[in-house]
Amino acid sequence: MDVLDIDYMLGLLPVLLRYLPLTLEMAAAGMVLALVLACLLAVIRVLAIPGLNAATLLFISFFRGTPLLVQLFLFYYGLPQLLAFLTQINGITATIMGLTLHFSAYMAESIRAAIVGVDRSQTEAALSIGMTNGQLMRRIVLPQATRVAVPTLMNYFIDMIKATSLAFTLGVTELMGATQKEAAGSFLYFEAFITVALMYWGIVELLAWLQRRLEKRLGEAYRR
Amino acid sequence: MIKVQGLVKRFGAATVLDGIDLEIQQGEIIVVIGPSGTGKSTLLRCLNFLERPDAGWLQVGDLSVDVTQARKADILALRRRTAFVFQNYALFANKTALENIAEGLIVVNRWTKARAHARAREILERIGLADKADAYPASLSGGQQQRVGIGRAMAAQAEVILFDEPTSSLDPEWVEEVLSLMKQLARERQTMLVVTHEMGFARDVADRVIFMDGGRIVEQGVPSHVFTQPQDARTRDFLRKVLASQTSPVP
Ligand SMILES: Nc1ncnc2c1ncn2[C@@H]1O[C@H](COP(=O)(O)OP(=O)(O)O)[C@@H](O)[C@H]1O
Ligand SMILES: [Mg+2]
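Respectively, the protein sequence lines represent chains A and B. Position 215 of the first sequence, counting from 1, maps to 215 under the UniProt record's numbering, and the rest follow consecutively. Position 111 of the second sequence, counting from 1, maps to 111 under the UniProt record's numbering, and the rest follow consecutively.
Heads up, some of the hints might be wrong.
Stated by the list, open to error - No more than 30 Å apart at the CA atoms, straight line, and that leaves these computed lysine-lysine pairs for DSS-like:
id : chain 1 : residue 1 : chain 2 : residue 2
1  : B       : Lys113    : A       : Lys216
2  : B       : Lys3      : B       : Lys183
3  : A       : Lys162    : A       : Lys216
4  : B       : Lys3      : B       : Lys72
5  : A       : Lys181    : A       : Lys162
6  : B       : Lys3      : A       : Lys216
Just so you know, these hints were derived from the structure itself, not from any lab.
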């Protein structure tokens, strides 16, 4: 076998495509949950809510300071030993949980930075005309913070899609797990893994293109 | 009418406002002068509750509050009765000139968008920026931004507009257009409390000039009186320095 077996690769593509939805679903679920949690953490940090602030810092430090793979193993293999009701936890749930907690720690910091980065004098201007804190956040701060945070958050989403491949270590047959199985059957390891690599690459490029378009639209208001 | 009684503000150990008493009649134009670090900005910010005063009474129109007892609703009500023009304009960067002016009407006064935009257009007309309705702050000159800042304050229909050094951040070429807009408001008898170093403006427009030093009102009176026969040594000293710097020929 001295040349690439293109026919095998073309045949493998539709097989692997069947597992793409699960990969994307885990990433999408992880992203939505991580965004919600990250916003919560960011607000706690911005308002420096006593007590919660310290807990948030500890949370962020832990989930940024340890490998995602370790966190996944901790949830999947470790937690059920500690908490009896988690014995039923499956690989998919554990993966979504791990992605959520891990990425929310990163995203919280970029959301916080984006909020804090909005010029303080605009906050005062909004208060001076009698806006409440909620109105100020909704109408002035968050729209501007979003624009700053979106590129970074999109990058985290892209990272998250790639990170779903770790689910295969928890026995989940997603894109990577399926590839592994196919390769073990055909012994065409190079063909199998280059095919899945190209698939990840394609998805990421598509998202990067969407990201550029989104940034352009969000930036329109600020062009000189 | 606005009435300030015994207003005190401390930052840590420093007493920045040391018992300010002040009455402003409707339609009165007051200019506040004084060395920097004297508490002029802090006075304006306290009237708008951007800083919380430590003691005193504030009365603005029909609203009267003991500042130590002021609750959220009092603070919002007070802010609705006072409008603020910032040294650095502080326009909302995500909103057009028109939206900057309409924002308060929509969010705070709960006007419909159509009504608020119609009013904002009238105001843009008055401040000479009708053609900039859809421009974002980033695309406006400093002078234009500050005029929008003043437009935003005009829209609030407050009892008083508080100006904190409205021309101090501007390139010299834009100062005049902002001052002339303020003079226009003065002619319309908009009640104004203006902190500025523009002595010409004070002399031409103010009904009363207040000289502050060390967190206190040192002396006040009609401009002709304060400028030509200042009673206090500190006022004389300050005026000598400021007038010397402002009349020196431009290099
Ligand atoms: N937020 C703050 N925290 C601590 N000190 C402040 C704060 N704001 C103002 N000050 C101090 O209060 C004094 C008066 O400031 P300010 O009202 O800005 O003076 P002015 O406007 O007359 O130049 C200054 O000494 C300044 O350093
Ligand atoms: Mg000042």
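Exercise. Going back to the hint list, which numbers does this structure go against?
Worked result: 6
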